[in-house]
Amino acid sequence: MAEVGRVSIRLPSAIKQGDVIRVRTLVIHPMELVQRDKQGKILPKNYHFIRTMTVNYGGKEVMRAETTQAVSQNPLFTFPLKVDRPGKLTVTFSDTMGKTYEGAAEIKFS
Amino acid sequence: MSKEAPKGIKAGHSRRAFLRVLAAFTAFASAWKVALFSDQAAAQANLSGLPLPDEPVESTLKRLFSNRPFQSGDGKIKLELPLIAEDGGNVAISVDTNLPVSGVTRANHMYIIADKNRLPMLAKFSFTPESGKAFIATSIRLATTTDVRAIVEMSDGTLYAVSKNVRVTISGCDLPPQS
Numbered sequence: 001m002a003e004v005g006r007v008s009i010r011l012p013s014a015i016k017q018g019d020v021i022r023v024r025t026l027v028i029h030p031m032e033l034v035q036r037d038k039q040g041k042i043l044p045k046n047y048h049f050i051r052t053m054t055v056n057y058g059g060k061e062v063m064r065a066e067t068t069q070a071v072s073q074n075p076l077f078t079f080p081l082k083v084d085r086p087g088k089l090t091v092t093f094s095d096t097m098g099k100t101y102e103g104a105a106e107i108k109f110s
Numbered sequence: 001m002s003k004e005a006p007k008g009i010k011a012g013h014s015r016r017a018f019l020r021v022l023a024a025f026t027a028f029a030s031a032w033k034v035a036l037f038s039d040q041a042a043a044q045a046n047l048s049g050l051p052l053p054d055e056p057v058e059s060t061l062k063r064l065f066s067n068r069p070f071q072s073g074d075g076k077i078k079l080e081l082p083l084i085a086e087d088g089g090n091v092a093i094s095v096d097t098n099l100p101v102s103g104v105t106r107a108n109h110m111y112i113i114a115d116k117n118r119l120p121m122l123a124k125f126s127f128t129p130e131s132g133k134a135f136i137a138t139s140i141r142l143a144t145t146t147d148v149r150a151i152v153e154m155s156d157g158t159l160y161a162v163s164k165n166v167r168v169t170i171s172g173c174d175l176p177p178q179s
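Quick note, the sequences are listed as chains W and Y, same order. In terms of the numbering used here, the first sequence opens at residue 1 and continues consecutively. In terms of the numbering used here, the second sequence opens at residue 1 and continues consecutively.
Simulated from the structure, these hints should not be mistaken for laboratory data. C-beta atoms are modelled at their ideal positions from N, C-alpha and C, and glycine is treated no differently. Mixed in with the good hints there might be a few duds.
Here are the simulated lysine-lysine pairs, BS3-like style, with alpha carbons at most 27 angstroms apart [as the list claims (entries may be wrong)]:
no.: 1; chain 1: W; residue 1: Lys60; chain 2: Y; residue 2: Lys133
no.: 2; chain 1: W; residue 1: Lys16; chain 2: W; residue 2: Lys99
no.: 3; chain 1: Y; residue 1: Lys116; chain 2: W; residue 2: Lys41
no.: 4; chain 1: W; residue 1: Lys88; chain 2: Y; residue 2: Lys133
The calculated label-pair distances, taken between Cβ atoms and stated as ranges, are [as the list claims (entries may be wrong)]:
no.: 5; chain 1: W; residue 1: Pro86; chain 2: Y; residue 2: Glu58; range: 36 to 42 angstroms
no.: 6; chain 1: W; residue 1: Glu3; chain 2: Y; residue 2: Ala92; range: 21 to 27 angstroms
no.: 7; chain 1: W; residue 1: Arg22; chain 2: Y; residue 2: Gly75; range: 20 to 26 angstroms
Hey, can you work out the whole structure from these sequences and the hints?
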């Protein structure tokens, strides 16, 4: 898992102004599962998983997600975005180890 | 002796007062410390990966929505899930709605809740008018065969809910126990 934290963003190939597009974003992350001992007790430790996802479009926050351990490993999110201006789209993930991972894409009209 | 007695009483008084002040201060300090600590613990539990205790779905719904009634989201929310999930660790889910995300009453938040997971709230998504639409697709982990609910909270507090049953062949949440 050398590439933990790689974020990739996929945009539709042709974007028209005013469209509501679907953006797909993938982050490489283990999303560590809770561990139990033989008695079924949860081992108390700091589990490594993504807590939040924030989407910024042209410097403004447009979407936010709170995630838990019940989101799959290497999660893929598809979310909507209303594109009315060209700008930079950034998706930021922050995990329980205090790290943040960011991916960026440029919104351009064809 | 008679001269010292009032002094002694006085001393007793001041000691009593001092002890009272000390006791009050200790109580206050410990209460403050407890409050601070529980706040800190809550914040830590929110932001860190420390495990939270198991929770039944009723208390999750109570905690999130404080017993507000649900309205049927049929025709408003489309929840897509497989009927049978062979791997509970990776179940594709997509929630599509035709509820507005701008205007006076708009769809603010979307919750994905699996009734029989250890912690039923799986994810929460918040939309803004710039989203254009309330839609999400992702992949989740399911512990066992369960009902999955998608709940949309509007800005006026109305809750729309739909649910769907998924049969899970292999649990996505159980690891082999540690020795």
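- request: Assess, step by step, whether the Cα of Lys116/Y is no farther than 27 angstroms from the Cα of Lys41/W, and give holds or violated.
  value: holds, 18 angstroms
Restraint status (C-alpha distance of Lys60/W to Lys133/Y at most 27 angstroms): At roughly 17 angstroms apart (the allowed maximum being 27 angstroms), Lys133/Y and Lys60/W satisfy the hint.
query: Within 21 to 27 angstroms or not, the Cβ separation of Glu3/W and Ala92/Y?
result: holds, 23 angstroms
- prompt: Measuring from beta carbon to beta carbon, are Pro86/W and Glu58/Y in 36 to 42 angstroms?
  reply: violated, 48 angstroms
task: Mind checking the hinted window 20 to 26 angstroms against the Cβ distance between Arg22/W and Gly75/Y?
output: holds, 22 angstroms
task: For the pair supplied as a hint, Lys88/W and Lys133/Y, confirm whether the alpha-carbon distance does not exceed 27 angstroms.
output: holds, 20 angstroms
query: Does the structure keep Lys16/W and Lys99/W at a Cα separation of 27 angstroms or less?
result: Cα-Cα ~35 angstroms, so violated.
Checked against the numbered hints above, the structure breaks hints 2, 5 and satisfies the rest.
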